[in-house]
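Visitor: Read off the chains here:
There are 2 protein chains.
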Amino acid sequence: MNYPGNIKKTYKSSINYKNRGMDLEEIINEACKYYVEKDIAVIYKKPTPIGIVDVDYSNMTIKKGYFKEPSTLDYNGIYKGKYVEFDAKECHSTTSFPLSNIHEHQIKHLTKIIKHGGIGFLIISMNSNYYIFKGTDLLEFINNNSRKSIPYNIIEEKGIKILYNYNIGLDYIKGVDTLLKELN
Amino acid sequence: MNYPGNIKKTYKSSINYKNRGMDLEEIINEACKYYVEKDIAVIYKKPTPIGIVDVDYSNMTIKKGYFKEPSTLDYNGIYKGKYVEFDAKECHSTTSFPLSNIHEHQIKHLTKIIKHGGIGFLIISMNSNYYIFKGTDLLEFINNNSRKSIPYNIIEEKGIKILYNYNIGLDYIKGVDTLLKELN
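Those sequence lines, one after another, are chains A and B.
In terms of the numbering used here, the first sequence has 133 at position 133, counting the first letter as 1, and numbering is strictly consecutive.
In terms of the numbering used here, the second sequence has 71 at position 71, counting the first letter as 1, and numbering is strictly consecutive.
It is possible that some hints are incorrect.
The list that follows gives simulated cross-link-like pairs (lysine to any residue, SDA-like), each with its CA atoms no further than 25 Å apart [to be verified]:
(1) A:K115 x B:N29
(2) B:K46 x A:I52
(3) B:K148 x B:H105
Here are some chain B residues pointing at chain A (derived, C-beta under 8 Å) [as the list claims (entries may be wrong)]:
(4) V42
(5) I50
(6) H116
(7) Y164
Computed far set for chain B versus chain A, every beta-carbon distance over 12 Å [claimed, not checked]:
(8) E25
(9) N59
(10) L99
(11) T136
(12) D137
(13) L139
(14) L179
Read the hints as simulated data drawn from the structure, not as lab findings.
Ideal placement from N, C-alpha and C gives every residue a C-beta, glycine not left out.
Looking at chain A on its own, in the form it has when it is part of the complex (with noise of 0.2 Å):
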C-alpha cells in the first residue's frame, strides 16, 4: 500500500538520527539490516503496536489510532537455529538502570522465553557503553532484590559489553555468541 510520496517523506525525514547522533535503535536496527543481508540471523524489530480507532477505507489511510503497551520485547528472530528475543534500552542515568523502563507483563514474557528454550536478553546504552544484560541476570535480580534499580558496577561486571561498528552499526550478535558460549 502506498501513501502520496511527500507525506511519507516529510515523516522520515523527522526522524533522521543522523542530525542527531546515534539513537540505540537506529543502530540496532542497522545491524539487524547487516545480519539479515548478510544471512547471519534473522532478526527484526516488531512493529510498534497500534490500536486502530478509524480508517478511511476510500484510500485505506488510518484516521484515528492510539498506541499501545507493548506485551513482549521489541526485537526477536533465529540466531544459530535459537530463538531470539531482546528489548533496547536507552539508560540516561550513569550511577544505575530504573527497573521502571520494564513493564511487568514484558518480565513475564521474558520468563516464559527463557523457560522454553529461547535466549532473552535487554541491550542497554549506559555511560557512552553498550551491555547485552542476560534475561537470566534480570530475573535473578529482580527476585532477590527490593531495589527499584540496577546500580551500574552490576551491568558493568555482569553484560556483555557490545561495540557499535561503523559499518555494521551496533554489532550484538558477537555478544550473542559469548553469551550461547556461556549456555554450553
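Please build the complex by placing chain B on the supplied structure of chain A, with the hints as guidance.
Guide: For chain B alone, coordinates are given in the frame of chain A:
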C-alpha cells in the same frame, strides 16, 4: 497508554467475529492465548506494521497513518525450544490456493527462516478444512512449478490437517508436533 473507553469499546464491538462465524485469525489468536496461558508455547501475532504520519502529542493519538506491507509472516514465537513462524491464509477458491496470497519478500523471509533452523509454514483455511502447509513444501512447489496456484489435492495430500476445538480455538500446535516428528 489509554484511549477514551467509549471509542475503544466501539472499535472492539465492530470486530466481534462471533456474529459472523469463525475468522481464521481470530481462532488462531484464541489458540495462541490458550497456549501462553497453559505454558505450552509462546507464540504471538505481530502487530500490523503501520507508518505513522501525524501524531497529536497532547494525548498521544495517531491522527494519520497508513498500512505497510508486511515483509515477514504474521505469527512468530517459540515452541519446544524451536523458533516458529507462520502466516494465516483464508482461501475462498475451492480448487486451488493462489500464490498471489504470499508476497515475494515473505517467500524470501521464509527461505531464510528455514535455512537458519526455524519452523516456517502457512495455516490454510480451505473447503471448510484447516491445514498446516509446510514452508519446505511451499518453496518446493514454487521452485518446481510455473503454476500460479497450488491445487487443492496437493494441499490435501501434503498438508497436516488441524482441527478447531471449542475450548482452545484452532488447535494448530498438534500439527506442529507432527511437523517436528517428520523433521526428526
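Visitor: Hint by hint, note whether the structure agrees.
Guide: Right, here's what the structure says about each hint:
1. A:K115 x B:N29: This hinted pair holds, its Cα atoms lying about 21 Å apart.
2. B:K46 x A:I52: Holds, at roughly 15 Å.
3. B:K148 x B:H105: Answer holds: B:K148 to B:H105 is near 16 Å, not above 25 Å.
4. V42: holds (5 Å)
5. I50: Constraint on B:I50 satisfied, holds at 5 Å.
6. H116: holds (5 Å)
7. Y164: violated (25 Å)
8. E25: holds (14 Å)
9. N59: violated (8 Å)
10. L99: holds (20 Å)
11. T136: holds (16 Å)
12. D137: At about 20 Å from chain A, B:D137 clears the 12 Å cut-off, so the statement holds.
13. L139: Non-interface label on B:L139 holds, nearest chain A Cβ at 15 Å vs cutoff 12 Å.
14. L179: holds (16 Å)
Figure legend: structure checked against the earlier numbered hints; hints not met, in rising order: 7 and 9.
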